[in-house]
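> Residue-level listing of the chains:
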Amino acid sequence: MTDTPIENIRNFAIIAHIDHGKSTLADRLIQTTGALSAREMTNQVLDSMDLERERGITIKAQTVRLSYRAKNGQTYELNLMDTPGHVDFAYEVSRSLAACEGSLLVVDASQGVEAQTLANVYQAIEAGHEIVPVLNKVDLPAAEPERVRQQIEDVIGLDASDALMISAKTGLNIEGVLEALVHRLPPPKGDPAAPLKALLVDSWYDPYLGVVILVRVKDGRLKRGQKIRMMSTGAAHLVEQVGVFSPKMIPTEDLGPGEIGFITAAIKTVADCNVGDTLTDDRAPAAEALPGFKPSVPVVWCGLYPVDADDFEKLRDSLGKLRLNDASFHYDPETSAALGFGFRCGFLGLLHLEIIQERLSREFDLDLIATAPSVVYRVHRTNGEVAELHNPADMPDGSVIDHIEEPWIKATIMVPDDYLGAILQLCNDRRGEQVDLTYVGNRAMAVYRLPLNEVVFDFYDRLKSVSRGYASFDYAMDGYAPGELVRISILVNNDPVDALSFIAHRAVAEARGRSICAKLKELIPRQLFKIAIQAAIGGRVIARETLSALSKDVTAKCYGGDISRKRKLLEKQKEGKKRMRQFGKVEIPQSAFLAALKMDA
Amino acid sequence: MEPLALYIHWPFCLAKCPYCDFNSHVRDRIDQARFAAALRRELAWEAARLGRRRLGSIFFGGGTPSLMEPATVAALIDDAVRWFDPVAGMEITLEANPTSVEAERFAGFRAAGVNRVSVGVQSLDPAALGFLGRQHSADQAVAALELARRVFPRVSFDLIYARPGQTEAAWRAELRTALALAADHLSLYQLTIEPGTKFATLAARGEIVLPEGDAAAALYEATAEEAGTFGLAPYEVSNYARPGAESRHNLSYWRYEDYAGIGPGAHGRVTVDGALRATRRHRAPEVWAELVERHGHGTVEETPVVPAEAAREALLMGLRLGEGVDAARFARRTGMALDAALDLAMVEAAVDAGYLVREPGRLAATDAGRLRLDALLAAIVA
Ligand SMILES: Nc1nc2c(ncn2[C@@H]2O[C@H](COP(=O)(O)OP(=O)(O)OP(=O)(O)O)[C@@H](O)[C@H]2O)c(=O)[nH]1
Ligand SMILES: C[S@@+](CC[C@H](N)C(=O)[O-])C[C@H]1O[C@@H](n2cnc3c(N)ncnc32)[C@H](O)[C@@H]1O
Ligand code: SF4
Ligand SMILES: [Mg+2]
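Chains as they are written, first to last, in my numbering: chain A, 1 to 601; chain B, 1 to 382.
Read the hints as simulated data drawn from the structure, not as lab findings.
All C-beta atoms in this analysis are idealised placements derived from N, C-alpha and C, irrespective of residue type, glycine included.
Any given hint could be a false lead.
Label-pair ranges, simulated between beta-carbon atoms [to be verified]:
no.	chain 1	residue 1	chain 2	residue 2	range
1	B	R205	A	D458	30 to 38 Å
2	A	R55	B	R205	24 to 32 Å
3	A	R362	B	R205	22 to 30 Å
4	B	E2	A	L569	25 to 33 Å
5	A	A38	B	V209	44 to 52 Å
6	A	Q573	B	D339	19 to 27 Å
Here are a few chain B residues that face chain A, going by a calculated C-beta distance under 7 Å [as the list claims (entries may be wrong)]:
no.	residue
7	Y7
8	G51
9	L67
10	Q190
11	S238
12	Y253
13	Y259
14	E313
15	A353
16	L371
17	L373
18	A378
19	A379
Computed cross-link-like contacts, DMTMM-like style, restricted to lysine to aspartate or glutamate with a CA-CA straight-line distance of at most 20 Å [claimed, not checked]:
no.	chain 1	residue 1	chain 2	residue 2
20	A	K585	A	E571
21	A	K568	B	E302
22	B	K16	B	D158
23	A	K530	B	D343
Produce the complete structure using the sequences and hints provided.
Right, here's the structure in full:
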């Protein structure tokens with residue numbers, strides 16, 4: 001609990017396109033307000049996950065409470081939420097926005113407005129936010145703050161006359177940002193005497209504390225020892241700890257209206273905890289719940305299977321715990337002929353899929369196989385039935401299919417003029433239909449309708465490569481339309497590997513089949529036996545590659561002293577094999593399943 | 001019971017070669033008397049518990065056993081012959097480094113009973129010897145070989161090939177020169193980067209790169225071909241001999257027979273009270289000597305080898321040999337039927353691929369199979 005009156009609280013999200021410097025700005029705000037000592041500071045200190053630090057991106061939104069003594073002599077409680085920029089983590093952004101009244105819109109002054117700048121700012125406007133534009137990286141020689149300021153006005157329609165010119169890296173004008181937060185953002189509203197209403201913004205599993213919940217209190221007070229109720233499930237729990245992030249976890253007595261903090265409440269059932277839910281007092285409950293969040297709709301699905309079949313239960317448990325921390329990811333049990341028991345999992349994109357897979361292996365020590373990702377098709381049968389198809393392996397026989405519909409998206413691509421030609425070519429190659437093409441200065445904004453399955457796998461990588469990194473991209477789902485779609489099966493030594501089958505448009509099917517065979521030949525290491533890799537549509541083989549046997553693999557010297565060591569090595573190798581999936585006599589490394597699908601055909 | 005093979009380890013060298021991970025140590029001064037006494041004492045201890053058995057071979061390995069006093073070698077051979085029943089014409093091998101060869105010492109070893117030497121030539125190319133950190137020149141190596149041929153009935157020598165940048169043509173030429181030196185047995189090893197060696201560090205830094213894959217396979221095949229034209233057959237992955245000149249002692253390892261290991265870091269597989277046991281001595285020479293002085297032996301580990309383990313060991317050793325594994329012997333030795341130790345579907349696939357031959361009562365790897373033996377074993381072992 002703080003003694004800060006509600007008028008002196010400011011809750012804000014930092015939003016921007018990827019890499020425009022949100023987390024670096026958060027560093028400076030943390031440092032300037034003294035929340036962390038110099039010794040405790042690191043770059044992008046809020047990116048605390050190893051994966052975030054390795055990849056240099058924010059994956060999870062993070063919250064910090066800062067205490068700021070403004071020039072007017074008053075002390076303010078600033079609750080900062082740093083958000084991710086990548087489109088696959090948009091759900092993090094939307095939930096953070098719901099916990100705040102305002103946003104700092106960071107724009108890299110050397111890059112200008114990008115696709116995610118637009119997507120995020122529109123979300124913030126929709127959330128009713130007061131928005132403070134911040135032009136970052138003005139220290140760079142290539143920075144053109146004036147041009148970018150104009151762009152913000154022209155493209156977004158936001159008044160940028162008071163935009164702050166800063167460098168998050170050098171610390172230039174951070175004081176200006178803090179003052180703007182205090183004076184330009186509204187304080188939260190809320191009634192401390194009303195029944196408790198707190199929004200469940202995020203949650204995660206901590207091995208020591210159990211389930212930790214991030215809340216934003218709207219009305220009433222949330223206290224240690226209080227019995228709270230989750231309004232969607234009715235489950236009641238005793239609050240054990242209340243606290244705030246400094247960014248370290250600091251216990252407090254309570255949280256009042258407008259405050260953001262955490263609680264723990266001995267929650268055993270992970271399913272009791274749903275982001276967007278409203279927490280209320282069990283004895284004096286609120287009459288109605290807060291609006292909550294729109295559920296996220298996964299756009300890519302793949303199967304996740306434990307490499308060691310004995311790990312199935314562990315995988316189930318781990319998925320539950322991870323889902324606590326990432327409500328944008330979905331899972332349901334499924335079985336595969338080749339892989340046994342596993343889960344069909346839904347993601348917001350391929351990066352999301354990769355990150356979840358990585359987190360499962362790192363945080364839960366699981367070895368997983370991911371099957372070829374797929375979008376959700378709608379299969380219309382000749383008997384009139386319509387069913388969603390999440391897994392290419394489940395595609396019914398052609399004779400019972402009347403037609404198949406595939407999901408489309410509306411993509412917004414922003415790109416410097418020089419690369420527009422290459423981008424339009426890419427969109428056309430991916431069956432895109434142009435909707436709009438406009439210019440802002442020397443930047444083009446192309447709006448395209450594209451089939452999602454042409455985008456999901458490697459469109460983003462291709463976009464970046466053909467534009468040398470200058471194009472940015474955002475998309476939204478845009479309905480279903482019939483398509484000439486076929487399933488391509490992959491056979492390894494003549495055995496179909498259901499986990500590698502995928503669906504593609506007839507026009508590109510053969511090329512895709514050839515390219516995936518060639519890719520697999522690269523990705524599968526040479527083994528004891530030679531391996532035939534084939535792609536087939538129906539019964540017809542459309543591509544074939546042969547991977548020859550490894551040429552030499554033998555220990556040169558082996559005498560009496562080496563026997564135990566060699567035996568243990570052999571046993572380890574056998575153990576390792578168990579952990580690699582065998583398809584007949586062939587071992588396919590898990591990396592092949594995803595990588596094979598990223599292709600240029 | 002099959003005759004016992006006796007291994008005696010001498011742990012000292014003049015310098016540590018950068019590729020070597022054997023239990024070898026460099027000392028300014030070696031207390032010859034102390035180590036001689038300790039070896040004799042440990043041999044007596046081992047002999048006492050093994051009981052009187054037939055003895056098939058003795059092997060002095062190292063390290064550099066040619067640095068031992070011939071008198072020590074003589075005493076150990078005398079002891080062994082006293083404790084055990086040697087087979088007729090028992091093979092007694094000693095590893096010799098060309099650096100430590102003097103005519104008198106060779107005569108001394110011969111007089112002690114050594115009837116076979118294995119000379120560590122490693123290469124006949126002066127630059128390669130430098131790279132391998134050897135203390136001797138190519139000429140010295142050739143001289144040592146010539147001397148050995150005059151003194152000992154049987155001579156073998158070692159070469160290391162598949163060195164960084166070595167072409168097939170260069171290796172063939174070097175090997176031909178070596179073959180002309182007319183030994184009846186050769187050990188031809190592809191250079192291996194062993195963890196913990198100086199070469200491992202260099203390789204990790206990318207400063208040495210070995211031929212791999214197809215290139216290594218081609219060098220291996222060229223080796224067999226050249227050796228073949230001189231009448232030497234590859235009876236084991238890296239060992240080539242005229243028929244009848246195979247190393248009796250090393251065959252015991254590969255056939256997975258009993259062998260006792262004496263001296264620092266020595267390993268053994270011995271049958272005690274009808275059960276197979278794996279033994280290991282302390283690696284550090286001085287610690288080992290102290291243990292022997294205190295307890296009569298320097299054993300740090302002695303564990304039973306259960307049938308499944310014995311089966312894997314017998315396979316991984318036996319398939320290195322051209323003759324392969326004899327099913328009846330295998331079952332007797334390991335307590336497990338050969339078929340039970342194998343993944344038969346994989347065996348069948350390996351036979352189809354030309355990696356294995358299965359005859360009644362015998363399983364052997366083909367040349368192609370031996371070239372890929374590590375992968376083959378991982379596939380076929382149950
Ligand atoms: N020159 C300069 N570089 C900056 C500045 N601010 C951030 N950067 C650099 O820009 C890169 C991205 O910064 P981050 O703070 O991780 O960006 P982000 O917006 O949090 O990125 P995501 O969370 O992945 O969307 C890093 O290499 C920073 O060092 C700045 O003011 N000037
Ligand atoms: C016990 S060692 C050394 C015997 C003796 N001290 C010498 O150096 O001549 C036996 C043989 O193993 C071979 N050897 C040792 N380390 C090796 C390596 N890393 N790669 C290939 N062969 C190796 C050498 O040919 C060596 O002669
Ligand atoms: S290769 Fe021989 S001489 Fe060189 S260190 Fe090893 S054992 Fe000693
Ligand atoms: Mg960030």
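> Hints first: check each against the structure and report whether it holds.
Hints, one by one, checked against the model:
Judged by the Cβ atoms, the range 30 to 38 Å given for R205 of chain B and D458 of chain A holds: they are separated by roughly 35 Å. R55 of chain A and R205 of chain B have their C-beta atoms about 27 Å apart, which keeps the hinted 24 to 32 Å range intact. For the pair R362 of chain A and R205 of chain B, the supplied restraint of 22 to 30 Å holds, since their beta-carbon distance comes to about 28 Å. For the pair E2 of chain B and L569 of chain A, the supplied restraint of 25 to 33 Å holds, since their beta-carbon distance comes to about 27 Å.
Remark: the range hint 44 to 52 Å for A38 of chain A to V209 of chain B is upheld by a beta-carbon distance near 45 Å. Checked against the given bound of 19 to 27 Å, the beta carbons of Q573 of chain A and D339 of chain B, roughly 21 Å apart, stay inside it. A least Cβ separation of about 6 Å between Y7 of chain B and chain A falls short of the 7 Å threshold, and the interface hint therefore holds. With a cut of 7 Å, the hint placing G51 of chain B at the interface with chain A is violated, because the nearest CB-to-CB distance is about 21 Å.
At its closest, the beta carbon of L67 of chain B sits 19 Å from a beta carbon of chain A; the interface hint therefore is violated under the 7 Å criterion. With its C-beta approaching chain A no nearer than about 5 Å, Q190 of chain B sits inside the 7 Å limit, and its interface hint holds. Taken as an interface hint, S238 of chain B checks out: its beta carbon lies about 5 Å from the nearest beta carbon of chain A, inside 7 Å. Annotation: interface hint on Y253 of chain B holds; nearest CB of chain A at approximately 5 Å, less than 7 Å.
Because the closest C-beta pair between Y259 of chain B and chain A is about 5 Å apart, less than 7 Å, the hint holds. Given hint, E313 of chain B at the interface with chain A, holds; its Cβ is 5 Å from that chain's nearest Cβ, closer than 7 Å. Contact between A353 of chain B and chain A, as hinted, is supported at the beta carbon level, the nearest pair being about 6 Å apart and thus within 7 Å. Among the interface hints, the one on L371 of chain B holds; its C-beta lies about 5 Å from the nearest C-beta in chain A, closer than the 7 Å criterion.
The restraint placing L373 of chain B at the interface with chain A holds, with a minimum CB-CB distance near 4 Å, inside the 7 Å limit. Because the beta carbon of A378 of chain B sits about 4 Å from the nearest beta carbon in chain A, less than 7 Å, this interface hint is met. Of the supplied interface hints, the one on A379 of chain B holds, with its beta-carbon coming within about 5 Å of a beta-carbon of chain A, less than 7 Å. Distance restraint check for K585 of chain A and E571 of chain A: the Cα-Cα separation of roughly 18 Å lies within the 20 Å cut-off, and the hinted pair is therefore satisfied.
Between K568 of chain A and E302 of chain B the CA atoms are separated by roughly 16 Å; this keeps the pair inside 20 Å, and the hint holds. Between K16 of chain B and D158 of chain B the alpha-carbon distance is near 17 Å, which keeps this suggested pair within the 20 Å criterion. At most 20 Å may separate the alpha-carbon atoms for a hinted pair to count; K530 of chain A and D343 of chain B meet this at roughly 19 Å.
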